[in-house]
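One letter stands for each residue in the lines below.
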Amino acid sequence: MNFKDLDPVLHSQLRLAIMSILISVKEAEFTFLKEKTNATAGNLSVQINKLKEADYVEVIKSFKNNYPQTICKITSKGIKAFESYVNAIQSYLNIGK
Amino acid sequence: MQDKPMQEQESLALIQAMIATAKQGVKANGKGFITWGWILAAACLSTYILFMVHFKYPLLPWSILTIGGIIAIVVNIFKEPAPGKVKTYMDELLKGFSTGFYICLVIIVAAMNLDVMNVLTGFSMLLMLYGLLMYVVGYSIKFNPLITGAIVTWAGCLVGLYLKSTAYLMLISAGAIIVGFIIPGYNLKKAWKNNPY
Numbered sequence: 035m036n037f038k039d040l041d042p043v044l045h046s047q048l049r050l051a052i053m054s055i056l057i058s059v060k061e062a063e064f065t066f067l068k069e070k071t072n073a074t075a076g077n078l079s080v081q082i083n084k085l086k087e088a089d090y091v092e093v094i095k096s097f098k099n100n101y102p103q104t105i106c107k108i109t110s111k112g113i114k115a116f117e118s119y120v121n122a123i124q125s126y127l128n129i130g131k
Numbered sequence: 127m128q129d130k131p132m133q134e135q136e137s138l139a140l141i142q143a144m145i146a147t148a149k150q151g152v153k154a155n156g157k158g159f160i161t162w163g164w165i166l167a168a169a170c171l172s173t174y175i176l177f178m179v180h181f182k183y184p185l186l187p188w189s190i191l192t193i194g195g196i197i198a199i200v201v202n203i204f205k206e207p208a209p210g211k212v213k214t215y216m217d218e219l220l221k222g223f224s225t226g227f228y229i230c231l232v233i234i235v236a237a238m239n240l241d242v243m244n245v246l247t248g249f250s251m252l253l254m255l256y257g258l259l260m261y262v263v264g265y266s267i268k269f270n271p272l273i274t275g276a277i278v279t280w281a282g283c284l285v286g287l288y289l290k291s292t293a294y295l296m297l298i299s300a301g302a303i304i305v306g307f308i309i310p311g312y313n314l315k316k317a318w319k320n321n322p323y
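These protein sequence lines are chains Y and L, in that order. One rule links them: number in the numbering used here = place in the first sequence (from 1) + 34. One rule links them: number in the numbering used here = place in the second sequence (from 1) + 126.
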């Protein structure tokens, strides 16, 4: 298989990191994702929006103790895309052996 | 972390690292174990004292606790989840399990109050249930003091089944709750402070 076949939405370091975290939890706050990925708030926000546009994550904005709170959840489409991405990477690595 | 393309090996390593980092941390803060532990220990010791002074209703503290247990079930079912940066599937499972635990608790206490269950057996069953709760929570968050606490509580349950005196069972229960419930609760609180979600 060609490396170019990998999902371009997921094949970026920060977006893949976000998806990897979200696949292992039910939901996570923006601050949790920022802490775990060591990304800047601006960059993280841009990448989350790209994932949202692809319908891979759901973003819920609310208020907690008068402060804005952003919660991210992976969608079923996101789970399928993530699984396909991992399978594609594994197939690619096996072919390369 | 930058938004840059990766090699295939890097992708897999990143996925593994991020999944591992999301699973780290202790969600349980031990407050529930400490609060309920002291309430139960106080109920055991006060019941023991009421037996010693030949009070007409020595099990009165447990009747009051039954009402408290019913309130706890309702609160546990309907309360908003505690604010946290992340919610895992394990959190959901433990919430469901603790609701089931409270229901079992109320059934046993009600059975004793209605005289359809022997008091000695009933209290031993309560210790068995506490041990189960601690074992499940301890196993799920990989926290050995809670698992040790569960074993101590189960030992208390076994001793209780051989006892003939409810008053002494109260003393055994209080000891089992302090060693097996309250102390691990404080350990858990300390661990949570050092490594919260």
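Be a bit skeptical, because a hint or two may be false.
[As the list claims (entries may be wrong)] Among chain Y residues calculated to face chain L with C-beta under 10 Å, some are: (1) 56; (2) 89; (3) 109; (4) 113.
[Unchecked claim] In silico DMTMM-like pairs for lysine to aspartate or glutamate, Cα to Cα no more than 20 Å straight-line: (5) L/211 to Y/41; (6) Y/111 to Y/87; (7) L/319 to Y/69.
I should point out that these hints are in silico values taken from the structure, not numbers from a laboratory. Every value quoted in this text rests on a predicted model; they were computed, and no experiment measured them. All residues carry an ideal CB built from backbone N, CA and C; glycine is no exception.
Quick rundown of the hints versus the structure:
no.	hint	verdict
1	56	8 Å, holds
2	89	20 Å, violated
3	109	16 Å, violated
4	113	13 Å, violated
5	L/211 to Y/41	29 Å, violated
6	Y/111 to Y/87	12 Å, holds
7	L/319 to Y/69	17 Å, holds
The structure fails hints 2, 3, 4 and 5 (numbered hints given earlier, in ascending order).
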